[in-house]
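With chain A held as given, fit chain B with the ligands onto it using these hints.
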Amino acid sequence: MATAVPMATRIPVRISVNGTEYAAEVEPRLLLVHFLRDNLGLTGTHVGCDTSQCGACVVYLDGKSVKSCTVLTVQADGGEVQTIEGLAKDGVYDPVQQGFWEMHGLQCGYCTPGMIMSAHSLLQRTPNPSEEEIRHALEGNLCRCTGYQNIVKAIQYAANQMSGAGVSGNGSGAGTHNPQDVGDWKGELAGEST
Amino acid sequence: MVAAQEAPAKLVGQPLKRREDPRLITGAGNFLDDVKLTGLCHAAVVRSPYAHARIVGIDAEAARRMPGVVAVFTGEDLAEVNPLPCAWQAGNVQNNVNTPRLLALGEVHQVGDPVAVVVAESAYLATDAAAAVEVSYEELPVVVDARKATEPGAPQLHDNAPNNVVMNWTCGKEAAEVDAALAAAPVRVNQRVVNQRLIPTAMEPRGSIGRYDEGTGEYTLWATSQAPHVHRLLTAAFVLGVPEQKIRVIAPNVGGGFGSKIFLYFDMPLVLWLSKQTGRPVKFFEDRSENYLHTTHGRDHITDIEVGAEPDGRITALKVKTWANLGAYLSTIAPGIPTTLYGRMVAGCYKIPNIHVDVTGVYTNTAMVDAYRGAGRPEAAFVIERVCDLVAAETGLDPAEVRRRNFIQPEDFPYDSGIGMLPYDSGNYELALDRAMENVGYAALRQEQAARRANGSRKLLGVGLSSYVEVCGVAPSKWIGLAGEGWGAGLWESANVRVHLTGKTVVTTGSLPHGQGHETTFAQLVADELGVPYDDIQIEHSDTQGTPFGFGSYGSRSLTVGGTAIYKSVAKVREKAKELAAHLLEAAPEDIVFENGKAFVRGTPDASKTIQDLALAAHVAYDLPPGMEPTLEATTFYDPPNCTFPFGTHVCVVEVDRDTGEIDLLRYVAVDDVGNVINPLIVDGQVHGGIAQGLAQALYEGAVYDDSGELITGTMNDYAIPRARMVPTYELDRTVTPSPVNPMGAKGAGEAGTIASTPAVANAVIDALAHLGVRHLDMPLTPEKLWRAMAPKTG
Ligand code: FES
Ligand code: FES
Numbered sequence: 000m001a002t003a004v005p006m007a008t009r010i011p012v013r014i015s016v017n018g019t020e021y022a023a024e025v026e027p028r029l030l031l032v033h034f035l036r037d038n039l040g041l042t043g044t045h046v047g048c049d050t051s052q053c054g055a056c057v058v059y060l061d062g063k064s065v066k067s068c069t070v071l072t073v074q075a076d077g078g079e080v081q082t083i084e085g086l087a088k089d090g091v092y093d094p095v096q097q098g099f100w101e102m103h104g105l106q107c108g109y110c111t112p113g114m115i116m117s118a119h120s121l122l123q124r125t126p127n128p129s130e131e132e133i134r135h136a137l138e139g140n141l142c143r144c145t146g147y148q149n150i151v152k153a154i155q156y157a158a159n160q161m162s163g164a165g166v167s168g169n170g171s172g173a174g175t176h177n178p179q180d181v182g183d184w185k186g187e188l189a190g191e192s193t
Numbered sequence: 000m001v002a003a004q005e006a007p008a009k010l011v012g013q014p015l016k017r018r019e020d021p022r023l024i025t026g027a028g029n030f031l032d033d034v035k036l037t038g039l040c041h042a043a044v045v046r047s048p049y050a051h052a053r054i055v056g057i058d059a060e061a062a063r064r065m066p067g068v069v070a071v072f073t074g075e076d077l078a079e080v081n082p083l084p085c086a087w088q089a090g091n092v093q094n095n096v097n098t099p100r101l102l103a104l105g106e107v108h109q110v111g112d113p114v115a116v117v118v119a120e121s122a123y124l125a126t127d128a129a130a131a132v133e134v135s136y137e138e139l140p141v142v143v144d145a146r147k148a149t150e151p152g153a154p155q156l157h158d159n160a161p162n163n164v165v166m167n168w169t170c171g172k173e174a175a176e177v178d179a180a181l182a183a184a185p186v187r188v189n190q191r192v193v194n195q196r197l198i199p200t201a202m203e204p205r206g207s208i209g210r211y212d213e214g215t216g217e218y219t220l221w222a223t224s225q226a227p228h229v230h231r232l233l234t235a236a237f238v239l240g241v242p243e244q245k246i247r248v249i250a251p252n253v254g255g256g257f258g259s260k261i262f263l264y265f266d267m268p269l270v271l272w273l274s275k276q277t278g279r280p281v282k283f284f285e286d287r288s289e290n291y292l293h294t295t296h297g298r299d300h301i302t303d304i305e306v307g308a309e310p311d312g313r314i315t316a317l318k319v320k321t322w323a324n325l326g327a328y329l330s331t332i333a334p335g336i337p338t339t340l341y342g343r344m345v346a347g348c349y350k351i352p353n354i355h356v357d358v359t360g361v362y363t364n365t366a367m368v369d370a371y372r373g374a375g376r377p378e379a380a381f382v383i384e385r386v387c388d389l390v391a392a393e394t395g396l397d398p399a400e401v402r403r404r405n406f407i408q409p410e411d412f413p414y415d416s417g418i419g420m421l422p423y424d425s426g427n428y429e430l431a432l433d434r435a436m437e438n439v440g441y442a443a444l445r446q447e448q449a450a451r452r453a454n455g456s457r458k459l460l461g462v463g464l465s466s467y468v469e470v471c472g473v474a475p476s477k478w479i480g481l482a483g484e485g486w487g488a489g490l491w492e493s494a495n496v497r498v499h500l501t502g503k504t505v506v507t508t509g510s511l512p513h514g515q516g517h518e519t520t521f522a523q524l525v526a527d528e529l530g531v532p533y534d535d536i537q538i539e540h541s542d543t544q545g546t547p548f549g550f551g552s553y554g555s556r557s558l559t560v561g562g563t564a565i566y567k568s569v570a571k572v573r574e575k576a577k578e579l580a581a582h583l584l585e586a587a588p589e590d591i592v593f594e595n596g597k598a599f600v601r602g603t604p605d606a607s608k609t610i611q612d613l614a615l616a617a618h619v620a621y622d623l624p625p626g627m628e629p630t631l632e633a634t635t636f637y638d639p640p641n642c643t644f645p646f647g648t649h650v651c652v653v654e655v656d657r658d659t660g661e662i663d664l665l666r667y668v669a670v671d672d673v674g675n676v677i678n679p680l681i682v683d684g685q686v687h688g689g690i691a692q693g694l695a696q697a698l699y700e701g702a703v704y705d706d707s708g709e710l711i712t713g714t715m716n717d718y719a720i721p722r723a724r725m726v727p728t729y730e731l732d733r734t735v736t737p738s739p740v741n742p743m744g745a746k747g748a749g750e751a752g753t754i755a756s757t758p759a760v761a762n763a764v765i766d767a768l769a770h771l772g773v774r775h776l777d778m779p780l781t782p783e784k785l786w787r788a789m790a791p792k793t794g
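Protein chains in written order, with numbering that gives the first Met the number 0: chain A, 0 to 193; chain B, 0 to 794.
Treat the hints loosely; a few may be bogus.
[As the list claims (entries may be wrong)] Once the Cα atoms are required to be at most 20 Å apart in a straight line, the calculated EDC-like pairs of lysine to aspartate or glutamate come out as:
#  : chain 1 : residue 1 : chain 2 : residue 2
1  : B       : K16       : A       : E101
2  : B       : K16       : B       : D535
3  : B       : K320      : B       : D58
4  : B       : K503      : B       : D534
5  : B       : K35       : A       : E84
6  : B       : K567      : B       : E654
7  : B       : K9        : B       : D535
8  : B       : K147      : B       : D158
9  : B       : K245      : B       : E213
10 : B       : K275      : B       : E75
11 : B       : K35       : A       : E130
12 : A       : K63       : A       : D89
13 : B       : K458      : B       : E654
14 : A       : K152      : B       : D732
15 : A       : K152      : B       : E730
[To be verified] Some, not all, of what chain A presents toward chain B, calculated at C-beta under 7 Å:
#  : residue
16 : S15
17 : G43
18 : T50
19 : E79
20 : T125
Hints are computed from structural coordinates only; laboratory data are not their basis.
Here a beta-carbon is modelled for each residue, glycine too, at the ideal position from N, C-alpha and C.
Looking at chain A on its own, in the form it has when it is part of the complex:
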């Protein structure tokens, strides 16, 4: 939080966020979402609840999607974080982002960064999910605007793009992860691991 304020205990952390290494001294209680938003100014990650229910705050931590409102910054020390801001590369949207745009998978857009990150994580684990699998994977993400139907379609669109000939979320430049990263992403759902 605000660096001008003297605090009793501060702990040094080094965290890589979207490929940039950051060093900071933070209070032990500082939540990762607030570190991202307030210390780094990465406000694409949102806060929609105080009980780890809504998923507006989902980011990748070391290749696993997590609810950043439920992770302490000090727990991310030495880790690699990827946020919604790091998903598009060189002005090319990730297929999941493109899917949300094409299929009208968002209205107010407040849930959207977390939705996209969770959907992205799903497609890393399950490249061709059924509708049932998509709806299940979104268990930890709430949207109050869309009624979910177009979110499901957005994710199906992305799955098609990523599996379709020549269009890939990982190797085509549309994604930001190298294949090694992807190989490690077989962990639990965002919502369930935190």
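What follows is chain B with the ligands alone, placed relative to chain A:
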């Protein structure tokens, strides 16, 4: 999915993907909590843990000495500041008005009432210090139920509201006349229905940032707002007593509202006041628990219904008595919702000759209740759509047949329902019903249902219909003024359309989005009407500095009222362009044709002036016709002659497990008529989201208080916002009956889904149990409730 009925005339009618989305899918949106200001402080609010209590003392000394604390204030410090205004009171009756102060003074009336505020260098430090503010209370008796609150001996909330009554309001015929019609009716049904309290739950909570500029004496308020101009007006003139022009209100990207961000809340004037006191910009951003406790709730009606009908299903009399729980104080437009927007809509799609509605607004020790998506109309639709099914059950007729026999017919429009609503503009209710029944395969479903009942299947099939009509685009100021509807002001909208020297076009509008895609829809409209490329059009909104006055976005009114203001401004710009073209082409203005962005003399389209040529000529102003002012722009203040009335029929098909009460949503078919559609992608999205919210009321959601006034459903753990797995696939279709009220023929689409879906789903579930003698169950229709309803019948 949706039948392509929209004429593909240029961009209007096309499912363009939204121009708002790129920033939102990349994390570049700018929501309230994302606004970055130098020197920003954070406010944390100390809230009452009691639902009703006298504040005995507040000790803030320890908090003031804590690290990072800038200041602490209590209600005493704000004693000179006015309470919030109530801008829409029930018409033609006495309203016993009590509105909240910015911080409570003397007494608290609900859990979560703000009693003190801490300003500190960070949100963490502010929260720490708020926890250190010692408040001592003397507890007072509590009442949370609206009917109990009006009974003798109930705890009293406010001195000026005996028996906790806000107002008693009626509409329709005299009670005695309707009683006589009821007495004469061969078929009679009485039923109490509860329309439970809901929590709107926009995914972005509410917040505000205030900045006072000592140099200019000007205030800037950033707020999660559906109505920035109104918030400026109310804050300036009613609360702080600051000249209106000294306050600027900006709504950044707003993360959903559903009504809950229409109202003026304590924090909006408070952050401005705090900024002036501390010399620092101050932010308040509620957390979800605060949002659930203290941002407005919706619905919460208890209604006694008496119906009279003929054996052929024709409804002859309807008497409705409603207790509307308005919470601890009156929110900005609270009394208007259960009166004008509910009472005057209970006739629904049907010709009912005798109607009497009686509404009592009540104070209780609960959160304030105000407009929530649909606002009054979902409650009305729920009443009348339950009535249709109750009459069907009583007469043995099919629910579809009861609706059909009572429908207002296409030739009846404009139709006066006789209970003080403006005339319904246009409609073809039977067509939408027929289409919905065909799409769902209604006859086959009824056969299947009969077969399952005959063979004792444990999977009970239920089919629920909901034929709805709603009032949208609420505006006509004359109606509001003359009929004693109690509104604080007219509800016109405005827009300026300006073609710059470069041909780039800027629209400033008083309407604003919080998820509905105004920038896309409005640009489609302007592109077609003005012939300027879509990408050259910018829609500016949400800032009182630079946009003309608007009353805000709610009630599905942005397109029908705000959009019409844009449409008319474009027409004025076109007229001026034609006049200029006539001058430059040396022709008479009446001989000029304007088509696709080009003006030419009729019959000679090759010698044309483009809108860009004309914009340049109008700006350089070297050669204008005598008397013509430079530039190419126009402003319109649009006050429509009537409201608009979208309608349709939704059908829900459910399967209820006879042994567990679990519900499977098998099908959801919707046929909506929102008039002409500009962007079907956006309209479908509105319907999807609306259906989800409405079906969630039927099956999942309900705000629950215990007897001490504690909100039991105070977090997302306890309040059942639907998740992706809890909603079905929506099968949408449309009929198109243009509204004659506005030149686009649009009716409005934001609330239809919510209004229609609650009764469709509830009727389906109750229908599944009908053969077991179940006529009605109150929502939410949880498996436990169904299991209990079926239990006496199980062996
Ligand atoms: S903010 Fe709601 S789950 Fe993290
Ligand atoms: S788009 Fe608004 S909450 Fe999902």
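Hints broken by the structure, by number, lowest first? Violated hints (numbers, rising): 3, 6, 11, 12, 16, 19 and 20; every other hint is consistent with the structure.
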